[in-house]
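Enquirer: Residue numbers (my numbering), protein chains in the order written: chain A, 2 to 298; chain B, 3 to 312.
Hints are supplied without guarantee of correctness; some may be wrong.
[Said to hold, decoys possible] Where chain A lies over chain B, by a calculated footprint (3+ residues, C-beta under 8 Å):
#1 92 to 100
#2 255 to 262
[Stated by the list, open to error] Simulated restraints on C-beta separations:
#3 L140/B - R124/A: 43 to 49 Å
#4 T117/A - D109/B: 45 to 51 Å
#5 P139/B - R93/A: 42 to 48 Å
#6 E59/A - G24/B: 45 to 51 Å
#7 H154/A - V110/B: 55 to 61 Å
#8 P241/A - V295/B: 39 to 45 Å
#9 P67/A - R271/B: 35 to 41 Å
Since the hints were derived computationally from the structure, they do not count as laboratory data. Nothing here was measured: the structure is a model prediction, and the numbers come from that model. Think of the CB as a built atom: it goes at the ideal place given N, C-alpha and C, for glycine as much as any other residue.
Letter by letter, the chains look like this.
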Amino acid sequence: MQPLRIAVAQVAPALGLLDENIERHRALLAEARAVGAGLVVFPELGLTGYLLQDLASEVAMRLDDPRLRLLAADTRGLSAIVSFVEESPDHRLFIAAALVEDGELRAVHRKLFLPTYGLFDERRFFAAGDALRAFPSRLGVRVGISICEDFWHLSVPSLLALDGAHILVNVSSSPGRDIASAHEEGLGTAASWRQLLRTYAQLTTSFVVFCNRVGVDETIGFWGGSQVVAPNGDVLLSAPLYDEGLFVADVELGDVRRERIALPLLRDERPELAVRELQRIVAERAGLVADDDGDGT
Amino acid sequence: MTAGDEPPAVPDRPEAPFLLPGELAIDTAIARRAIGEFIRGQLRQAGFDRAVIGLSGGIDSALVAYLVAEAIGAERLLCILMPYRTSSPASRTDAEEVVRRLGCASDVVDISPMVDAYFGEADGAGAGGGDARSASPLRRGNFMARVRMTVLYDRSVTWGGLVVGTSNKTEALIGYTTLFGDAACAFAPIGDLYKTQVRQLSMAIGVPDAIIRKAPSADLWPGQTDEAEAGFSYPELDRLLQAMVDRRRSDEELDALGFAPELVARVQRLVATSEFKRQVPPVAKLGPRTAGVDYLYPRRRPGSARTRPG
Numbered sequence: 002m003q004p005l006r007i008a009v010a011q012v013a014p015a016l017g018l019l020d021e022n023i024e025r026h027r028a029l030l031a032e033a034r035a036v037g038a039g040l041v042v043f044p045e046l047g048l049t050g051y052l053l054q055d056l057a058s059e060v061a062m063r064l065d066d067p068r069l070r071l072l073a074a075d076t077r078g079l080s081a082i083v084s085f086v087e088e089s090p091d092h093r094l095f096i097a098a099a100l101v102e103d104g105e106l107r108a109v110h111r112k113l114f115l116p117t118y119g120l121f122d123e124r125r126f127f128a129a130g131d132a133l134r135a136f137p138s139r140l141g142v143r144v145g146i147s148i149c150e151d152f153w154h155l156s157v158p159s160l161l162a163l164d165g166a167h168i169l170v171n172v173s174s175s176p177g178r179d180i181a182s183a184h185e186e187g188l189g190t191a192a193s194w195r196q197l198l199r200t201y202a203q204l205t206t207s208f209v210v211f212c213n214r215v216g217v218d219e220t221i222g223f224w225g226g227s228q229v230v231a232p233n234g235d236v237l238l239s240a241p242l243y244d245e246g247l248f249v250a251d252v253e254l255g256d257v258r259r260e261r262i263a264l265p266l267l268r269d270e271r272p273e274l275a276v277r278e279l280q281r282i283v284a285e286r287a288g289l290v291a292d293d294d295g296d297g298t
Numbered sequence: 003m004t005a006g007d008e009p010p011a012v013p014d015r016p017e018a019p020f021l022l023p024g025e026l027a028i029d030t031a032i033a034r035r036a037i038g039e040f041i042r043g044q045l046r047q048a049g050f051d052r053a054v055i056g057l058s059g060g061i062d063s064a065l066v067a068y069l070v071a072e073a074i075g076a077e078r079l080l081c082i083l084m085p086y087r088t089s090s091p092a093s094r095t096d097a098e099e100v101v102r103r104l105g106c107a108s109d110v111v112d113i114s115p116m117v118d119a120y121f122g123e124a125d126g127a128g129a130g131g132g133d134a135r136s137a138s139p140l141r142r143g144n145f146m147a148r149v150r151m152t153v154l155y156d157r158s159v160t161w162g163g164l165v166v167g168t169s170n171k172t173e174a175l176i177g178y179t180t181l182f183g184d185a186a187c188a189f190a191p192i193g194d195l196y197k198t199q200v201r202q203l204s205m206a207i208g209v210p211d212a213i214i215r216k217a218p219s220a221d222l223w224p225g226q227t228d229e230a231e232a233g234f235s236y237p238e239l240d241r242l243l244q245a246m247v248d249r250r251r252s253d254e255e256l257d258a259l260g261f262a263p264e265l266v267a268r269v270q271r272l273v274a275t276s277e278f279k280r281q282v283p284p285v286a287k288l289g290p291r292t293a294g295v296d297y298l299y300p301r302r303r304p305g306s307a308r309t310r311p312g
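Pulled out of the complex, with its shape left as it was, chain A reads as follows:
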């Protein structure tokens, strides 16, 4: 397989300034093309900024929005993942990340898990997605897209890998917090994410691409620190914390095959077992059947 250059755009979107952010994306796509990137990944809500609140409806776009078409036109010979507020035909607002290739919008992932606790209030403003798919891409492998909190649920990387993804992409607007000096990375959020990214790469024997934004929305500062991790857990790219920039990593997609032959975790996965047990658990949690243990949980 051809080596693939992945460019991670660790940008600081301007809150609510859609046109300005689109221009920034287009400039970075040109820059990525110039350095020979085949896949360019932008962060969660990179086209709109994160802490939108009631601005969400004002910056929302239908998938046929001319501004998305304009951006897509810059992806000839490239694959890009861009994120924005999607308004569905029935006027639900989603946090979306689209796979855009060769001038066309190929597939859209809608954020599944909307954190509404602590400093997060996403469910108030957005609808949650209902589907998870590994999307075929011009890269010759399937790409599994997830958005920030999606990756804090084990089922997501697992399902994407089972659905055939060789590259798991997570686009994020992760607020940096907990600066206790006890943390390895000096930032609790960074330490947690990095542990999780390596673990997912190893357990799914896939590439993991993490693109996190930088900059500030209101009280929240975003920490960057984007990464590319190989299927064996090697960290191929670790972008600096807080610095804006386009960072690249060269990956050998054939590493996925090599790793999966040597370490056939996915081969030995038991999805039918998971389905059976999940059906039972779902029924028990809904109170439809008695729990075998009889402990009422």
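Starting from the known structure of chain A, arrange chain B on it as the hints suggest.
Expert: This is chain B only, laid out in the frame that chain A set:
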């Protein structure tokens, strides 16, 4: 309230002129970077590139001056010294040393005539009437803090910069602030750092040693120190607040951690009674869409900046 006794003893070690409990220690490099991004972001999004700070000679405002100078350059910072006639001369000297080291612009506004015009002097009542002449130190301290606020907001116009807050997390949580006084600001870079963390960061960024070592004081009357007035030390208070607020420990757990139940009860009362100081005033909900309730916008959004971000 009484004036303080002796300031608490300070260990004579240059590397640690204060007590820093391990659980409160922060990564100062990350803190400086994150706060720098915050300061630049707040100013840019508001369409400003300059800042104003009230410099008291104490550690909080000194640290904020250093952080702002590091984030946007000392030439964009104006420090205003606003002594009252009974303010400690050492405060003035320490504040001047910060200005000298940073090389930022500064101005001195003696607030005595404004304060005395209200409370009156020995030879007669002021605008506040006869009762004001016997005003408590608390009343006077609050008034002074609000006079300083009006000076800062006036100078923010002439300087063309935002007022940067100097409150820390400890004083905000126990309510040791004056509403619309020292608590008034455009944004608060160290508002999520406990006092002991302020000291740690001040060491790292190079705040003058004399400022780090001296006992914290609101300087509302001669010889006052925060810790003598409050009756507990900052390391002790910070450990307790962190356990209560950040780690959500129950009373039983706090007891097991060795905090005296009387101290816990007292601090919990301080936190609860000052809740109003940490929030914007409630608006009576009458219409279909009410600011802060169901009209929710980021305070910096398209069109809200004074000029377009450059």
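Enquirer: Now, for every hint given, state plainly whether the structure supports it.
Expert: Structure-based check of all given hints:
1. Given as covered by chain A, the segment 92 to 100 of chain B fails the check, having 0 residues with a CB less than 8 Å from a CB of that chain where 3 are the minimum.
2. Under a criterion of three residues with beta carbons nearer than 8 Å to beta carbons of chain A, the stated coverage of the segment 255 to 262 of chain B fails, only 0 such residues being counted.
3. In this structure, L140/B and R124/A meet the distance hint of 43 to 49 Å, their C-beta atoms being roughly 44 Å apart.
4. Our hint of 45 to 51 Å for T117/A and D109/B holds, since their Cβ atoms are close to 47 Å apart.
5. The hinted range of 42 to 48 Å is not satisfied by P139/B and R93/A, whose Cβ atoms lie roughly 58 Å apart.
6. Taking 45 to 51 Å as the suggested C-beta distance range, the pair E59/A and G24/B conforms, at roughly 47 Å.
7. Separated by about 58 Å at the C-beta atoms, H154/A and V110/B satisfy the suggested range of 55 to 61 Å.
8. Our hint of 39 to 45 Å for P241/A and V295/B holds, since their Cβ atoms are close to 40 Å apart.
9. Distance hint check: the CB atoms of P67/A and R271/B are about 59 Å apart, inconsistent with the given range 35 to 41 Å.
Going through the hint list in order, the structure does not satisfy hints 1, 2, 5 and 9.
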